[in-house]
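Build the complex: two chains, separate frames, hints provided.
Take a look at the letters that make up each chain.
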Amino acid sequence: MKAVAQLWLLPSRQMPLLGVVAHLAWLTALACLIGITPRAEGASIGAGVLAMGSWFWHLGLASTLRGACQPESFLLPAFRRHLAVFGLVDATIWVGLPVVVALAFGVPHALLGGTLLLLAAAMGFAMGVERWISLLFWPLLVLAGWMPGLMVAIVHDALASPMTLPLLLLVAALLLRLALHPMLRINDRPPDTSPLEGLSLGRGATSDNVPRRSALGRRFEGWFDAIAQQSMERALARYRERPGTRRRRVLLRRLLLPHDNPVAIALRVAIMALFATLYVVVALHRQHFNATVVGAYAVLIALARFPQVGRGMQRMRPNLADLYLTMAPGTRSQYQQALADALLVLVPIGTLTALAYTALGIVLIRAAQPGLMLLVTLIVATGGGLVSLAVHLIGPQGAVGRQVVNAVVLMGTVAMYWAGVWAVDTLGHVAGGGLLALVVLGFGLGVWFAAQREYLRRDPCFDAPLS
Amino acid sequence: MATLLPFPAPPASTARPAPVLRVQGLRKAFERREVLCGVDWEVPTGRVIGLLGRNGAGKTTLLRCLLGLAPVDGGTIELFGEPMAEPGGERLHRVGFVPQSFELFPWMKAGAYLDFTAAFYARWNHALAGRLLREWQLDPTQKIGRLSQGQRQKLAIVRAIAPEPDLLVLDEPVASLDPQARRAFMGELLALMDAPGKTVIFSTHITADLERADADIALLRDGRIQFTRPLAELKSRLSRAILSRPAGWTAPPAIAGVLKSRVAGASVHLLLEDVPAERLHQLAKDEDASLRIDMPTLEDLFVELA
Chain A
331 MKAVAQLWLL PSRQMPLLGV VAHLAWLTAL ACLIGITPRA EGASIGAGVL
381 AMGSWFWHLG LASTLRGACQ PESFLLPAFR RHLAVFGLVD ATIWVGLPVV
431 VALAFGVPHA LLGGTLLLLA AAMGFAMGVE RWISLLFWPL LVLAGWMPGL
481 MVAIVHDALA SPMTLPLLLL VAALLLRLAL HPMLRINDRP PDTSPLEGLS
531 LGRGATSDNV PRRSALGRRF EGWFDAIAQQ SMERALARYR ERPGTRRRRV
581 LLRRLLLPHD NPVAIALRVA IMALFATLYV VVALHRQHFN ATVVGAYAVL
631 IALARFPQVG RGMQRMRPNL ADLYLTMAPG TRSQYQQALA DALLVLVPIG
681 TLTALAYTAL GIVLIRAAQP GLMLLVTLIV ATGGGLVSLA VHLIGPQGAV
731 GRQVVNAVVL MGTVAMYWAG VWAVDTLGHV AGGGLLALVV LGFGLGVWFA
781 AQREYLRRDP CFDAPLS
Chain B
19 MATLLPFPAP PASTARPAPV LRVQGLRKAF ERREVLCGVD WEVPTGRVIG
69 LLGRNGAGKT TLLRCLLGLA PVDGGTIELF GEPMAEPGGE RLHRVGFVPQ
119 SFELFPWMKA GAYLDFTAAF YARWNHALAG RLLREWQLDP TQKIGRLSQG
169 QRQKLAIVRA IAPEPDLLVL DEPVASLDPQ ARRAFMGELL ALMDAPGKTV
219 IFSTHITADL ERADADIALL RDGRIQFTRP LAELKSRLSR AILSRPAGWT
269 APPAIAGVLK SRVAGASVHL LLEDVPAERL HQLAKDEDAS LRIDMPTLED
319 LFVELA
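Listed in order, the protein sequences are those of chains A and B. Residues 331 to 797 (the numbering used here) make up the first sequence, in order. Residues 19 to 324 (the numbering used here) make up the second sequence, in order.
The following block holds chain B by itself, in its conformation from the complex (with noise of 0.2 angstroms):
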């Protein structure tokens, strides 16, 4: 599996804000089958994140892990700067979260369901509800349990977004949305993020939408955090190289910086990082093979690193 090489550190005179999220050597396994191998991962402040990973990589456990909402079996996780052994605390009006799939309250009414969970928050932008479920044309006189699975997860997202917490999570939040209201999700998603010290950590399979929200990602492999970066810095760094001669390959050329590499017929594919094109083009001449470089889009990049 590749792996990417660590970044050189930030100057030491660039102020960091505090993390709002800092995790530290933290497991869970169901029955046995470990999913979290002692994540260490630090979200910083102000950021849209997108956890990435593949099908059953343990990116929902993880976010809920992160809240409180799943037992941990060893590990910290600070939220806020405090220690979250489980749900509690005055930050709780500060998170919002979007589960994967919306099991609550079948029986209850939507407009209902928001009146019972703003009772709850010292802050609520009624203004900004109604006005979301006027767009997204949700009827508050209808039961939950009748709502479709997109429109459950609209709920979920307006009732996450009404506090206007300083900490969104979201646990593929776009997964049961039409185009539509994907595009509308993502607009107040970036509306809320005009707002400083506002923080997304949401995962995803449709990586435009972290494109256009020019997130950081975060890559959640073998149980593990692999990296988090800005996704500018990951296009700008990383690169693809296809080299090809009619004499094929036997195995793929030695140069530093190879991140994965594969090849297939007269064709050798390499994911580079760091490597200049001079330096491309010169192992092209001693290969005598031709060279085309191309940047991979997020999407490429998932499927090579994830």
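So that you can see chain A by itself, here it is in the shape it has in the complex (with noise of 0.2 angstroms):
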């Protein structure tokens, strides 16, 4: 039992405030179902707390476990037994338990409830696992949508019928089957990217904490890769062709930034426009989103590249000393110009992917005044991205610290996007608009600069960073 309790240790050791926020989760759950009556009431507020303890729960468990099933691990005696008796008692501590008790209360429904427990963190895990596992509930959203009659009459139906308990235990456990089918499996692995670059859609992704690449998304990358190899050749021939600063600058970028040429930036939008569509038409049936905080979110989402490059920097500190010699620059500062000149790009490619966003936003949401918004998404995109990109060069260096610098530059985009609507409804485009863009503009502008300047002044690193 030794193994299954390091098993088990293991994912409050990687994430210590999940473990706790969990487990309290599941205290209070059990404290509900005992201590209020009448119990049907314990019960449901109990299951509800539970079942979202248990997702979170179980989503950080599949992360853990995702990185620790690497193929060595599979080296250490009886791995998949230990992991097997170490499923069994998690589904005891989160299901079994709770559903003995409701029964012993006298609890009504409580098998049931038991099994929509254990969906609940086998949906958890699987989408930890694998994360197109979540389109497998877009039909139910869909058919929630599109027929909500019809999806209330279901489920009234499937409260009566006997066949839903094990239709719901044989969900979750194709889910289970799904999960740990590919995390089981020992494979090659695939080539890194470009620590610069996420390739999730998000671009907010670390590479030690992404979800396992499925079959499409593993065909994305190809293409992208394809793309970024043609965009190098071209870059290349045209530095051969007649070399100067403006070519060896987009040179530099298509090596530190591979998939931010234009044809990838075009494909990635058009991705993202795809899925933002069907989701929204299909999945959402064009409910009513307030147009401020689609604006807003379009700016968020182009904005989640930039932390990127900060991890991404750090990461690739050893392999600069290769590109610094290579450069053979007059000066340091020279060098670091080089490097943030190549950098800047990432802004005005922010900014077009927040209009693109924006844009598709309007026609989805049939935005009542898409002029406003885009304007006002342009100022904000451009302000914002500057500041990121600031703060992520020069910024802090622990994890922690880059996260919370990363929110306080959200929360300030965020509310200068709110405050831009505001002031250009109010004021009107020349009057309104001008004076975001001298607040906002002005402020990124600032930023910028003195990071920059604080850049240049820093010597380079190249210093292997630790993780």
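Keep in mind that a hint or two might mislead.
Now the in silico label distances, taken between C-beta atoms and shown as ranges [said to hold, decoys possible]:
no., chain 1, residue 1, chain 2, residue 2, range
1, B, G74, A, V593, 28 to 36 angstroms
2, A, R576, B, E317, 44 to 52 angstroms
3, B, D196, A, R564, 41 to 49 angstroms
4, A, A596, B, C55, 49 to 57 angstroms
5, A, L775, B, D196, 29 to 37 angstroms
6, A, L480, B, Q167, 35 to 43 angstroms
Hint data in this document are derived by calculation from the structure and do not stem from the laboratory. Keep in mind that this is a model prediction, so the values were computed, not measured. Glycine included, each C-beta is placed from N, C-alpha and C at the ideal position.
And the structure:
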């Protein structure tokens, strides 16, 4: 049992906060079940808390086990058997025990509730391992959105049907099978992408916590890699044809940011647009959305790219020494300047991406003031991009510090978006837009130039980062 | 490329222990690039095997395939007499592995990682693990992600040695170690080998370590194991001769037992197998050349044969 106990400790060691919160939720749920009367009410509150806690716990558990299930781990004696025993213990804690307590107190639908808890745990776990599994639930969302009456009727009939329980168990088993099969399979490790690139469409994931890529994801990755290769070859050919500062900078960008060439950006926006359209039109059945929220969200998605720059520049440090020697700059600050110039392209890319997403949002929600939204997005995304790039270029090196800084920038950007919408709406496009541009772009440029000056002042660092 | 002649088979009366590892026709390709092209290999029990090969020869791939850590495209692998389709079974208690780079659990403390690993093993030498942590100055309270590459390598070695495995597989274990740590590691390895029935397979480019361990040398080239021979036997049977004459050489002289020949100016360098010195002196006389015979080091042999 020592090995099982060690496996149980694993997620809490990696994510102590999650361990504490999830187990507090478990205790709270049991307390609700035991302490609140009438029992049915206590049970329903407890089940909700337990389902939420279980979802998050199993999402985190999946993330930890995904990292642990590397080929080397399978050399641990009876690793799979210990995992299976741990799974049983986990199911007993999160499902079995609450169900036994509920049955002991005579709570109605205890078995159905237990099965739903198992399903919640299986869903959390499966989504933590394989991101695409969330797509399996889209048909339910579609049904609920397009035919809510039919959905209610199905749920009503299901509650009375003896087949519901085994069917839910079957779905839970299927989800676990889908998650566990690839996790427990030993495969060759795919080559790494550039540390500055996160190929997820949200562009915010780090390489060590990205769920396994599905077949579709790998195909997208293949496309992006092919485009990056072509783009690099074109940049090389142009540079050889007529070497110059500008073409050298493009070459450097193709090296550092292989997936930020025009074709790849267009492809990324197109894929994102396709999924967003499907999600809004089919799954959410074009519910009413606040236009400002949609615009702010579009800007946030575009800015999600920048934290990867901070993380990636850190991870690339040892390799950047090679780049330094290749570039043979006259001074260290010239080298720093070259890097800063190369990365600055991310700001217009971020702005264009935010504008594209905003335009899509305008079409999908039939926004009443498209001009206002586009104007505010243009200004706020540019200012936010400048600030974000600046802070991630010279900001804290630690993961926590970076997350705090990023959260502050994102909250500031959202606040500016709301303020910008209000200003333009109240003062008009010229006066409001001018005021917004003056404040946001002034601040953004100020922060960027200050950060750039600080970056140039610093010596380049080529030490391997401590993970 | 040079190919060694097959050595005479050992006498039938010699009792040979069952091999710890038997590989037949092992094939492995990465995106149609074949790295292992039908490897046949037997590793006897109780020996240190030094796996040599040039960069990209497939040493890491071979070692990972042997332990079931990479899917294979064909062939069979038997570990401790049982097929090794994937890692599993009681025999894993008898296997230790040090990967080329240690990437697991960067968020975990070194001590907690060893506790985690120890929980899976029936046998775990806590005293040995504790001593190595102290002697190798590894702080058990430090997170793995904050250890240097060399420190991670040391931790991986501690983790592999502590269960006192019967088969220890090491993939370039000393590549990131300083000379002191390398010596200490070799000392531990030799101490481990003192116990009966222990086998070590390790890939390295530091041939001096293999000489110190008196290892059997296995050469991986062109996707196959070209030979596995005791180092002493290699050294006793292989020699290098340099023939020089003012007129130079248009072609190397013909003589049986030449593995490799190279003309350089007025000299011709010959790598020879089982060629007596008298025959070389006769050859020098016939060719009107001066002769120098020397014993190649393992590094010389690696350069010539790999």
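Against the structure, the hints:
The beta-carbon spacing between G74 of chain B and V593 of chain A, approximately 33 angstroms, falls within the hinted interval of 28 to 36 angstroms. A beta carbon spacing of about 49 angstroms between R576 of chain A and E317 of chain B agrees with the range 44 to 52 angstroms that was offered as a hint. A C-beta distance of roughly 45 angstroms is found between D196 of chain B and R564 of chain A, which places it inside the suggested range of 41 to 49 angstroms. At about 43 angstroms, the beta-carbon gap between A596 of chain A and C55 of chain B misses the expected band of 49 to 57 angstroms.
For L775 of chain A and D196 of chain B, the Cβ-Cβ distance of about 49 angstroms falls outside the hinted range of 29 to 37 angstroms, so the restraint is violated. In this structure, L480 of chain A and Q167 of chain B break the distance hint of 35 to 43 angstroms, their C-beta atoms being roughly 60 angstroms apart.
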